[in-house]
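S.K.: Full structure from sequences and hints, please.
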Amino acid sequence: MDEFINKKPKLDMSTEQTTDTAAKQEEFFQPVGQAAEEVSKETDFNEEGIRQTGAEDAEGHPVQEIKSLCMNCHKDGVTRMLLTKIPYFQEVILMSFECPHCGFKNSELQPAGAIQPKGAKYVLKIEEKNDFNRQVIKQETATCKFVELDIEIPPKRGQLTNVEGLLVEMIDDLKADQPSRLEQNKEIHDKIEQFIKKVQSTLNAEEGTLPLTFELDDPAGNSWIEFIPNEPAHKWSHVEYTRTDEQNVQVGIITEDQLAQIRQKRAAELADKTRNPTASGFISDATDIENFENEVQNFAATCPTCYSPCVTHMKQVNIPHFKDVILMSTTCDKCGYKSNEVKTGGAIPEKGRRISLKVDDPEDLARDILKSETCGLTVPELHLDLTPGTLGGRFTTIEGLLRQVYDELHSKVFSQTSDSMDAAAKEQWNSFFTKLQDAIDGKIKFTVHMEDPLASSYIQNVYAPDDDPNMTIEDYDRTFEENESLGLNDMKVD
Numbered sequence: 001m002d003e004f005i006n007k008k009p010k011l012d013m014s015t016e017q018t019t020d021t022a023a024k025q026e027e028f029f030q031p032v033g034q035a036a037e038e039v040s041k042e043t044d045f046n047e048e049g050i051r052q053t054g055a056e057d058a059e060g061h062p063v064q065e066i067k068s069l070c071m072n073c074h075k076d077g078v079t080r081m082l083l084t085k086i087p088y089f090q091e092v093i094l095m096s097f098e099c100p101h102c103g104f105k106n107s108e109l110q111p112a113g114a115i116q117p118k119g120a121k122y123v124l125k126i127e128e129k130n131d132f133n134r135q136v137i138k139q140e141t142a143t144c145k146f147v148e149l150d151i152e153i154p155p156k157r158g159q160l161t162n163v164e165g166l167l168v169e170m171i172d173d174l175k176a177d178q179p180s181r182l183e184q185n186k187e188i189h190d191k192i193e194q195f196i197k198k199v200q201s202t203l204n205a206e207e208g209t210l211p212l213t214f215e216l217d218d219p220a221g222n223s224w225i226e227f228i229p230n231e232p233a234h235k236w237s238h239v240e241y242t243r244t245d246e247q248n249v250q251v252g253i254i255t256e257d258q259l260a261q262i263r264q265k266r267a268a269e270l271a272d273k274t275r276n277p278t279a280s281g282f283i284s285d286a287t288d289i290e291n292f293e294n295e296v297q298n299f300a301a302t303c304p305t306c307y308s309p310c311v312t313h314m315k316q317v318n319i320p321h322f323k324d325v326i327l328m329s330t331t332c333d334k335c336g337y338k339s340n341e342v343k344t345g346g347a348i349p350e351k352g353r354r355i356s357l358k359v360d361d362p363e364d365l366a367r368d369i370l371k372s373e374t375c376g377l378t379v380p381e382l383h384l385d386l387t388p389g390t391l392g393g394r395f396t397t398i399e400g401l402l403r404q405v406y407d408e409l410h411s412k413v414f415s416q417t418s419d420s421m422d423a424a425a426k427e428q429w430n431s432f433f434t435k436l437q438d439a440i441d442g443k444i445k446f447t448v449h450m451e452d453p454l455a456s457s458y459i460q461n462v463y464a465p466d467d468d469p470n471m472t473i474e475d476y477d478r479t480f481e482e483n484e485s486l487g488l489n490d491m492k493v494d
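To convert, note that position 283 of the sequence shown is 283 in UniProt numbering; the numbers rise steadily by one, no gaps.
Warning: the hint list may mix true and false statements.
[Said to hold, decoys possible] Under the rule of at most 27 Å between Cα atoms (straight-line distance), these lysine-lysine pairs were calculated in the DSS-like manner: (1) Lys443 with Lys118; (2) Lys315 with Lys358; (3) Lys129 with Lys191; (4) Lys338 with Lys315; (5) Lys175 with Lys145; (6) Lys412 with Lys121; (7) Lys412 with Lys443; (8) Lys198 with Lys145; (9) Lys412 with Lys338; (10) Lys435 with Lys412; (11) Lys412 with Lys235; (12) Lys125 with Lys443; (13) Lys145 with Lys412; (14) Lys129 with Lys145; (15) Lys156 with Lys235; (16) Lys129 with Lys118.
[Claimed, not checked] Between beta-carbon pairs, the in silico distance windows are: (17) Ile473 with Asn130: 36 to 46 Å; (18) Ile188 with His74: 26 to 36 Å; (19) Leu270 with Glu427: 54 to 64 Å; (20) Ile228 with Glu206: 19 to 29 Å; (21) Lys129 with Asp468: 42 to 52 Å; (22) Lys129 with Lys156: 20 to 30 Å.
Source of the hints: derived by calculation from the structure; they are not laboratory data.
Think of the CB as a built atom: it goes at the ideal place given N, C-alpha and C, for glycine as much as any other residue.
M.R.: Here it is, written out as structure tokens:
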């Protein structure tokens, strides 16, 4: 367990002193690993194969030992486990294995909390050497990818490390097998040696090796890349997504057999619809003509998290002087999953759209705003920059959108990272939240800039049909990269 104590974050822990020598040092903290070593010598395993070491962390969580099979020599070793809380993350289980016969050691970190409702993907742009020091929590379900190096680290044991640590560990694994490769195939050995030198050059931030894009994708939603406040928006991004069926199997929500049953059920439903194309899943009123504009449509759906039957509510809404949009809401009574989405209809426009609004009156906070999934939003006065995909599609007011941003950043970023921040970083965060709250309360003036390549976003014009003196709307030609990300370059319409 000592290897955990020596790594960040450090956990202050103590234990009762069990010897006369230790009694003289009651005023000092004792590492959990050392305490476990001393106490475990005096206790034996119970009938269930568990031994209470007597050591515990500062919150009273005990260190336990269980007998485990050593995968190196296939004899019995000992695994120590501690359920604790990392200050800037969440509850985790620290596990350390040691075999007294062959000396093999291993340690790993596993999440103790629940699987999140959605998966999470983080992207970090590494532009200088200091960026390699960003802390990373990589759970066993997460995949790491370094785009420019064409490196992908598959899911394996959980780790609390940094970006540099991931690359160094990968280099060490490659170097360990190099002697055998040299004997078996010198050509492969030389290519891997060149690749190792390339990665080391990148770690040293040599000229021409940066920037580097680091992606962390965790279907369970429990991994994380350190965020630094007030940095440029392009350096760090976080997007949540709905897991696929295969990812639900990967994180253990369903089994392979359950997945096969779900696919069979879907195939049967599709066959029924094919045989009876007039059948509808809509639950509506008893009128002969469906009035989609004035009623909420309810149709049967399947929860994407637990696959239980649930109901999706859909309402078509016409936004004056804009277009029709579809509001969709899904709630699962069994697992509590909730989803709210806004979809815009119609053909894809030829140009994107930029909208800017000067908010100089508290009444402007009550303006309706539609932010689609493809829209980016910035507020320079608040140092706020939302990349496309953040918060998903939202139809709310300007005040409501700012409150959602406040709640998301405060609950999912600041509250989980504040314990590990230095005084300067905390001051930056507090300054940011103060300005954001002042904007919500209408105490300061600011400007909202929206850029949507699909022109599917909107801010209410209170002077309509006349022009709004505080709002500018500009259509622009999409770039090739924007068309590529939207899949428009591959579309064939002829």
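S.K.: Run every hint past the structure and note whether it holds.
M.R.: Structure-based check of all given hints:
| no. | hint | result |
| --- | --- | --- |
| 1 | Lys443 with Lys118 | violated (35 Å) |
| 2 | Lys315 with Lys358 | violated (31 Å) |
| 3 | Lys129 with Lys191 | holds (25 Å) |
| 4 | Lys338 with Lys315 | holds (17 Å) |
| 5 | Lys175 with Lys145 | holds (20 Å) |
| 6 | Lys412 with Lys121 | holds (14 Å) |
| 7 | Lys412 with Lys443 | holds (26 Å) |
| 8 | Lys198 with Lys145 | holds (16 Å) |
| 9 | Lys412 with Lys338 | holds (17 Å) |
| 10 | Lys435 with Lys412 | holds (19 Å) |
| 11 | Lys412 with Lys235 | holds (18 Å) |
| 12 | Lys125 with Lys443 | violated (35 Å) |
| 13 | Lys145 with Lys412 | holds (23 Å) |
| 14 | Lys129 with Lys145 | holds (18 Å) |
| 15 | Lys156 with Lys235 | holds (26 Å) |
| 16 | Lys129 with Lys118 | violated (32 Å) |
| 17 | Ile473 with Asn130: 36 to 46 Å | holds (40 Å) |
| 18 | Ile188 with His74: 26 to 36 Å | holds (31 Å) |
| 19 | Leu270 with Glu427: 54 to 64 Å | holds (57 Å) |
| 20 | Ile228 with Glu206: 19 to 29 Å | holds (24 Å) |
| 21 | Lys129 with Asp468: 42 to 52 Å | holds (47 Å) |
| 22 | Lys129 with Lys156: 20 to 30 Å | holds (26 Å) |
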